[in-house]
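Trainee: One-letter residues, chain by chain:
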Amino acid sequence: MNKSVQKLMFVMSVLGAISTLGGCASPANREAMQAAPVASLHQSEHSVAVRTSGGGDTGAMDSSNIADADFKSAIESSITQSGVFKTVIQGSGADYELSVSLVRLSKPLAGFSMTVTMEDAWSLIRASDKSVVWRKPITSTFTAGMGDAFAGVTRLRMAVEGAARENIAQGLKEISDLKL
Amino acid sequence: MFSGMPRVFPMLVLVAPLFTGCAVNRATATLDPSANLNTIKTVYVVKIPEDDGIVDGLIVKKFQSKGYTVTTGTDKPANVDALVTYVDKWMWDITMYMLELNITIRDPKTDFPLASGDSLHTSLTRKSPTEMVDEVVDNIYKQVK
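Listed in order, the protein sequences are those of chains A and B. First residue of the first sequence? That's 0 in numbering that gives the first Met the number 0, and the numbers climb one at a time after it. First residue of the second sequence? That's 0 in numbering that gives the first Met the number 0, and the numbers climb one at a time after it.
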């Protein structure tokens, strides 16, 4: 085997190692997106049904995205933990309908620190008369640095999860302030 | 045998952690349940200051083609039915191409996103800016009943 072929094989194996280190992305984890419980939030006696939209699956060749089902689960768990609503109901029959739409998820392509910005449209509707009780756009940002993870794909996923977690925390705080 | 390799290898290892992974084609759109786009007649496209007029112009034309009265500028007037904001991301691969476009229709009083669309297409399946604008706006209006 001549030198040029050996060099080519060496470079190919290194590129393969880089691909492994860079890796392919995994979707944002629902548990990691759950907001930390805050004791000072107002606890309503009403029930809520949660609906999410605008998210997307993470393909094998993609960067980390937020699936609607995972975001919905994270919001529901956050509500349950914080007590902002008494119960979370699946489907119809709740006192309120909370809709959270992912408007924009801004992610870097590369970098030592990964900063993700997320904008969601939050709207709360009274189920009895379909009146809009509250609606607001909420923007959140989270940065994951080299100290958080070595692999870029992992830092990006952590930044996406952090932005979602912060967005949920802000949204529930706003709802708590309504004193329903 | 590999006299040149030791210099290259550390560079490759240093560069590896920067990569976030691979990319793909994606198109999404949302419509807030409290929004009614059918009542909108006048639209203001908020131009990004860095925009040389290409993307802004395409968005204006698209909304005009849908029958709206469209104006554009860099401020945010309140005397229109809706504001349209956008974020475009470009990449270089032999030539510059539009990697991602996000368009949001907003309430002019509260900035609330009434509807939004996002399209991402990487180099091998790149689309022209016109095609990207058409795809995003058409996907938004597919949500409208």
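One thing to keep in mind: the hints can contain errors.
[Claimed, not checked] Some chain B residues flagged as far from chain A (calculated, every beta-carbon gap over 12 Å):
no., residue
1, 88
2, 116
3, 125
4, 140
[Said to hold, decoys possible] In silico DSSO-like links for lysine-lysine, alpha-carbon gap of 27 Å or less:
no., chain 1, residue 1, chain 2, residue 2
5, B, 88, B, 144
6, B, 40, B, 60
7, A, 71, B, 65
8, A, 129, A, 172
9, A, 135, A, 85
10, B, 88, A, 135
11, A, 178, B, 108
12, B, 46, B, 61
13, B, 141, B, 46
14, B, 40, A, 129
15, A, 178, B, 40
16, A, 6, A, 85
17, A, 178, A, 85
18, A, 172, B, 108
19, B, 141, B, 40
20, B, 61, B, 144
21, B, 61, A, 129
22, B, 108, B, 65
23, A, 129, B, 88
24, A, 135, B, 75
25, B, 141, A, 71
26, A, 135, B, 108
27, A, 135, B, 141
28, B, 75, B, 65
29, A, 135, B, 126
30, A, 135, B, 46
31, B, 126, B, 60
32, B, 126, B, 61
33, B, 65, B, 141
34, B, 46, A, 129
35, A, 71, A, 85
36, A, 71, A, 135
Source of the hints: derived by calculation from the structure; they are not laboratory data. Values in this document were obtained by computation on a predicted structure and should not be read as measured data. Where is the CB? At the ideal position from N, CA and C, for every residue including glycine.
Trainee: None of the hints should be skipped; say for each whether it holds.
Mentor: Hint by hint, here is what the structure shows:
no.	hint	verdict
1	88	violated (8 Å)
2	116	violated (9 Å)
3	125	holds (15 Å)
4	140	holds (16 Å)
5	B:88 / B:144	violated (30 Å)
6	B:40 / B:60	holds (15 Å)
7	A:71 / B:65	violated (33 Å)
8	A:129 / A:172	holds (22 Å)
9	A:135 / A:85	holds (22 Å)
10	B:88 / A:135	holds (25 Å)
11	A:178 / B:108	holds (24 Å)
12	B:46 / B:61	holds (14 Å)
13	B:141 / B:46	holds (24 Å)
14	B:40 / A:129	holds (24 Å)
15	A:178 / B:40	violated (36 Å)
16	A:6 / A:85	violated (65 Å)
17	A:178 / A:85	holds (13 Å)
18	A:172 / B:108	holds (22 Å)
19	B:141 / B:40	holds (18 Å)
20	B:61 / B:144	holds (19 Å)
21	B:61 / A:129	violated (32 Å)
22	B:108 / B:65	holds (23 Å)
23	A:129 / B:88	violated (38 Å)
24	A:135 / B:75	holds (18 Å)
25	B:141 / A:71	holds (23 Å)
26	A:135 / B:108	holds (11 Å)
27	A:135 / B:141	holds (23 Å)
28	B:75 / B:65	holds (21 Å)
29	A:135 / B:126	violated (33 Å)
30	A:135 / B:46	holds (23 Å)
31	B:126 / B:60	holds (18 Å)
32	B:126 / B:61	holds (16 Å)
33	B:65 / B:141	holds (13 Å)
34	B:46 / A:129	violated (34 Å)
35	A:71 / A:85	holds (17 Å)
36	A:71 / A:135	holds (18 Å)
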